[in-house]
Amino acid sequence: MTARTLYDKLWDSHVIREEADGTALLYIDRHLVHEVTSPQAFEGLRLAGRKPWRMQSVVATADHNTPTKDWNRGIQDPISRTQVETLDGNIREHGAKAYFPFLDRRQGIVHVIGPEQGATLPGMTVVCGDSHTSTHGAFAALAIGIGTSEVEHVLATQCLLTTKLKSMLIRVDGRLPPGVTAKDLVLSIIGRIGTAGGSGHAVEFAGEAVRALSMEARMTMCNMAIEAGARSGMIAADERTFDYIKGRAFAPTGEMWDRALAQWRGLRSDDNAKFDTTHVFAAADIRPQVTWGTSPEMVVSIEDRVPDPDRERDSARRDGMERALSYMGLRPNTPMTHIHIDKVFIGSCTNSRIEDLRQAAAVARGHHVAKNVKLALVVPGSGLVKAQAEAEGLDKIFRDAGFEWREPGCSMCLAMNDDRLEPGERCASTSNRNFEGRQGAGGRTHLVSPAMAAGAAIAGHFVDVRRLA
Amino acid sequence: MNPFRVHTGLVVPLDRANVDTDSIIPKQFLKSIKRSGFGVNLFDAWRYLDHGEPGMDNARRPRNPDFVLNDSRYEGASILLARRNFGCGSSREHAAWALADFGFHAFIAPSFGDIFFTNCYKNGLLPIVLSESEVDRLFADTQAFAGFKLTIDLERQVVSTPDGSLVFAFDIEPFRKHCLLNGLDEIGLTLQHAQAIRAFENKRLAEQPWI
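So the protein sequences, as listed, match chains S and V. Residue 631 in the numbering used here sits at position 305 of the first sequence, and the numbers go up by one each step. Residue 215 in the numbering used here sits at position 199 of the second sequence, and the numbers go up by one each step.
Keep in mind that a hint or two might mislead.
[To be verified] Among chain S residues calculated to face chain V with C-beta under 8 Å, some are:
{"hint": "1", "residue": "V362"}
{"hint": "2", "residue": "S406"}
{"hint": "3", "residue": "F568"}
{"hint": "4", "residue": "M582"}
{"hint": "5", "residue": "E762"}
{"hint": "6", "residue": "R764"}
[Unchecked claim] Computed cross-link-like contacts, DMTMM-like style, restricted to lysine to aspartate or glutamate with a CA-CA straight-line distance of at most 25 Å:
{"hint": "7", "chain 1": "S", "residue 1": "K490", "chain 2": "V", "residue 2": "E217"}
{"hint": "8", "chain 1": "S", "residue 1": "K572", "chain 2": "S", "residue 2": "D403"}
{"hint": "9", "chain 1": "V", "residue 1": "K219", "chain 2": "S", "residue 2": "D396"}
{"hint": "10", "chain 1": "S", "residue 1": "K335", "chain 2": "V", "residue 2": "E189"}
{"hint": "11", "chain 1": "V", "residue 1": "K219", "chain 2": "S", "residue 2": "E344"}
{"hint": "12", "chain 1": "S", "residue 1": "K423", "chain 2": "V", "residue 2": "D187"}
{"hint": "13", "chain 1": "S", "residue 1": "K492", "chain 2": "S", "residue 2": "D414"}
{"hint": "14", "chain 1": "S", "residue 1": "K335", "chain 2": "S", "residue 2": "E681"}
{"hint": "15", "chain 1": "S", "residue 1": "K700", "chain 2": "S", "residue 2": "D396"}
{"hint": "16", "chain 1": "V", "residue 1": "K50", "chain 2": "S", "residue 2": "D347"}
{"hint": "17", "chain 1": "V", "residue 1": "K193", "chain 2": "S", "residue 2": "D396"}
{"hint": "18", "chain 1": "S", "residue 1": "K377", "chain 2": "V", "residue 2": "D187"}
{"hint": "19", "chain 1": "S", "residue 1": "K423", "chain 2": "V", "residue 2": "E217"}
{"hint": "20", "chain 1": "S", "residue 1": "K490", "chain 2": "V", "residue 2": "D187"}
{"hint": "21", "chain 1": "S", "residue 1": "K492", "chain 2": "V", "residue 2": "D187"}
{"hint": "22", "chain 1": "V", "residue 1": "K219", "chain 2": "S", "residue 2": "E581"}
{"hint": "23", "chain 1": "V", "residue 1": "K50", "chain 2": "V", "residue 2": "D31"}
{"hint": "24", "chain 1": "S", "residue 1": "K572", "chain 2": "V", "residue 2": "E223"}
{"hint": "25", "chain 1": "S", "residue 1": "K395", "chain 2": "V", "residue 2": "E202"}
{"hint": "26", "chain 1": "S", "residue 1": "K492", "chain 2": "V", "residue 2": "E223"}
{"hint": "27", "chain 1": "S", "residue 1": "K600", "chain 2": "S", "residue 2": "E411"}
{"hint": "28", "chain 1": "V", "residue 1": "K50", "chain 2": "S", "residue 2": "D414"}
{"hint": "29", "chain 1": "S", "residue 1": "K490", "chain 2": "V", "residue 2": "D179"}
{"hint": "30", "chain 1": "S", "residue 1": "K335", "chain 2": "V", "residue 2": "E217"}
{"hint": "31", "chain 1": "S", "residue 1": "K377", "chain 2": "V", "residue 2": "E202"}
{"hint": "32", "chain 1": "S", "residue 1": "K700", "chain 2": "S", "residue 2": "D640"}
{"hint": "33", "chain 1": "S", "residue 1": "K492", "chain 2": "S", "residue 2": "E748"}
{"hint": "34", "chain 1": "S", "residue 1": "K490", "chain 2": "V", "residue 2": "D82"}
{"hint": "35", "chain 1": "V", "residue 1": "K50", "chain 2": "S", "residue 2": "E411"}
{"hint": "36", "chain 1": "V", "residue 1": "K50", "chain 2": "S", "residue 2": "E369"}
These are computed hints drawn from the structure, not numbers from a lab. Glycine residues also receive a C-beta, built at the ideal position from the N, C-alpha and C atoms.
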């Protein structure tokens, strides 16, 4: 039998039928649902007189629009409230495997709670009306971000109509140096291959450095696959994957666990599997990263300076750099460590899990947020992450250091709720997108790791966390 | 869904790479539970000089005279000419809804964000990939000639100027072409295979009951 990639295996095990042109019906095991991209899908079903196919595949939560403070006051914004209540109503009407509504202690960012609950399992196809669905690929799952029409299609048919992507291997050899995280690694990969580098591909991250990552760090990697243009990112299953899953709410138990494990062990690319594209990175070369522009590919290391468009030969790229620098209010050749910030955001589906909070707290401990920093927010990814952090005393470390400790949700990653940047404000953010206006109209976002965000909060400007005692 | 067969329309050039769906329709407008009404807020932060929020009277808002969609020569444009990686980022289908609601039928770029590309087809919109050099040529012509129009013939898979002086061929997956030409409801098509889906599901759930 020909050697297959992990993607081949996941694809083959879910194809129901395939047309001559390659368009396939792919069976979907897990459908994650949130309030922003689902109302029109449920409405579409209603208008067509259709019923959902298998609501037992659905795990739902409200995360994008929910406030991160004053939960006792409910959702003040009436439009946001309507959207969240619409999800409540749709789940009430149709049911679900699990629903974690606003105020539930297990509520949180959909891409944090799926794995946390054991609802994301190896070998699954996972979809969600959200581009960061790629996160779940960390569990050797085929995870695909979809639009609302596709949400409706999956609700109605349990299938996604799609074509097979090309395969890309991103292999990272060696070990990451101390103080360098999965976030730095994935940002530097995007910096090299570009935000369209993975377009049309399913990306597998592999190599010694990836094997050495914790499950949470692997989720950070796969989460950002979409920022490299890849709809799906994935990592082979190993003992670390199984250890993470065992004992979680929806994980199989007893004899079922043994059966599952026997199937999951094969979820890796065969040794001789062929990829359409391969990129190789040396982990030892990776340094802490900071974005300087308005696209995640506009990134340099903390040791570098803001790039100079005059040195760019390609005129289209130069125009893009000039526009980005103008929006970001930055001058070429400024050392990254000289850039002062106004706000800090530690959270999002990229970096809001317990290990992220531990790394940030380790930097913040015993220090205080700098005077020029108006607001430093810590937003845990879920109610359970928040509870765990509080049990470890991390909330106290953050509060003592002048950070605000908030309720879980997407928060200032996309600023649909009240957490946002004002025009011109500059933010060190652990989120995933530095697009114009992403964190608030006119806001300026620099993407960094949790430790780098905490370091910037304390210093008031970007610092190299490797140099902090 | 309306079928897409032949479309002739005015072309508006949006000369920047990596236009993300956050820019196409900013987050504050995603709170709606409808599919319609997004056109007035298309490219909101670039199109207007003030900060937009849902419920504003957009007719009274100050427009940015430097933004290409506000240029009177492109009024009524239905084909958007863009640079590489158009529609990258967020999966929000609201971006496709906003572009359709504004009056666009087709997009031409060297490449598109994958999710946006799919979302277009679900809404009767045609995203066309042409080479960098072909796109460069179209940018030059759009800027050089006021009232520059293109005709898109989906059946023949060509983009051409009405006088036929420029003709560019494009690729499209046959199934997508078929659905677009006929305005087909994909859910209805898929449900024709309901038995096969059920059989697959029964087998899968028997083998992997933890799903």
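Okay, the hints, checked on the actual structure:
Among the interface hints, the one on V362(S) holds; its C-beta lies about 5 Å from the nearest C-beta in chain V, closer than the 8 Å criterion. Satisfaction of the interface hint for S406(S) is found here, the shortest Cβ-Cβ separation to chain V being roughly 6 Å, below the 8 Å cut-off. Residue-level restraint check for F568(S) is violated (minimum Cβ-Cβ distance to chain V is 13 Å; threshold 8 Å). At its closest, the beta carbon of M582(S) sits 6 Å from a beta carbon of chain V; the interface hint therefore holds under the 8 Å criterion.
Annotation: E762(S) was flagged as interfacial toward chain V, and the flag holds, the nearest CB pair being 6 Å apart, inside 8 Å. Hint on R764(S) holds. Least Cβ distance to chain V is approximately 5 Å, under the 8 Å limit. Note on K490(S) and E217(V): the hinted pairing holds, with a Cα-Cα distance of about 20 Å set against a maximum of 25 Å. Using a Cα cut-off of 25 Å, the hinted pair K572(S) and D403(S) is violated, with the two alpha carbons roughly 39 Å apart.
For the hint pairing K219(V) with D396(S), the CA-to-CA distance comes to about 48 Å; that exceeds 25 Å, so the pair is violated. The straight-line distance between the Cα atoms of K335(S) and E189(V) is roughly 24 Å, inside the 25 Å bound, and the hint therefore holds. Proximity of K219(V) to E344(S) is assessed by CA-CA distance (about 18 Å); at most 25 Å being required, the pair is judged to hold. With a CA separation close to 41 Å, the supplied pair K423(S) and D187(V) exceeds the 25 Å bound.
A threshold of 25 Å between alpha carbons decides the hint, and for K492(S) with D414(S) the separation of about 38 Å lies outside it, so the pair is violated. Only pairs whose Cα atoms come within 25 Å are accepted, and K335(S) paired with E681(S) is rejected, the gap being roughly 31 Å. Note on K700(S) and D396(S): the hinted pairing holds, with a Cα-Cα distance of about 20 Å set against a maximum of 25 Å. With a CA separation close to 34 Å, the supplied pair K50(V) and D347(S) exceeds the 25 Å bound.
Using a Cα cut-off of 25 Å, the hinted pair K193(V) and D396(S) is violated, with the two alpha carbons roughly 50 Å apart. The hinted pair formed by K377(S) and D187(V) fails the criterion: a straight-line CA distance of about 35 Å is larger than 25 Å. Distance check on the hinted pair: K423(S) and E217(V) sit about 16 Å apart at the alpha-carbon level, within 25 Å; holds. Restraint check for K490(S) and D187(V): the C-alpha separation of about 17 Å stays at or below 25 Å, so the hint holds.
Taking the CA atoms of K492(S) and D187(V), the gap is near 17 Å; set against the 25 Å cutoff, the hint holds. For the hint pairing K219(V) with E581(S), the CA-to-CA distance comes to about 19 Å; that is within 25 Å, so the pair holds. With a C-alpha separation of about 30 Å, the suggested pair K50(V) and D31(V) falls outside the 25 Å cut-off, and the hint is violated. Taking the CA atoms of K572(S) and E223(V), the gap is near 19 Å; set against the 25 Å cutoff, the hint holds.
A distance of roughly 42 Å separates the Cα atoms of K395(S) and E202(V); the hinted pair therefore is violated under the 25 Å criterion. Taken as a hint, the K492(S) and E223(V) pair is broken in the structure, with Cα atoms around 28 Å apart against an allowance of 25 Å. For the suggested pair K600(S) and E411(S), the alpha carbons sit about 48 Å apart, so the restraint of at most 25 Å is broken. This hinted pair checks out: K50(V) and D414(S) have alpha carbons roughly 16 Å apart, not beyond 25 Å.
In summary, the hint linking K490(S) to D179(V) is not supported, as the alpha carbons are separated by about 38 Å, beyond the 25 Å threshold. Only pairs whose Cα atoms come within 25 Å are accepted, and K335(S) paired with E217(V) is accepted, the gap being roughly 17 Å. Our distance criterion of 25 Å between C-alpha atoms is met by K377(S) and E202(V), whose separation comes to about 15 Å. Of the pairs offered as hints, the one joining K700(S) and D640(S) is violated, with about 38 Å between alpha carbons and a cut-off of 25 Å exceeded.
Restraint check for K492(S) and E748(S): the C-alpha separation of about 41 Å exceeds 25 Å, so the hint is violated. For the suggested pair K490(S) and D82(V), the alpha carbons sit about 41 Å apart, so the restraint of at most 25 Å is broken. For the suggested pair K50(V) and E411(S), the alpha carbons sit about 14 Å apart, so the restraint of at most 25 Å is met. The straight-line distance between the Cα atoms of K50(V) and E369(S) is roughly 9 Å, inside the 25 Å bound, and the hint therefore holds.
Violated hints, in rising order: 3, 8, 9, 12, 13, 14, 16, 17, 18, 23, 25, 26, 27, 29, 32, 33 and 34; the structure is consistent with all others.
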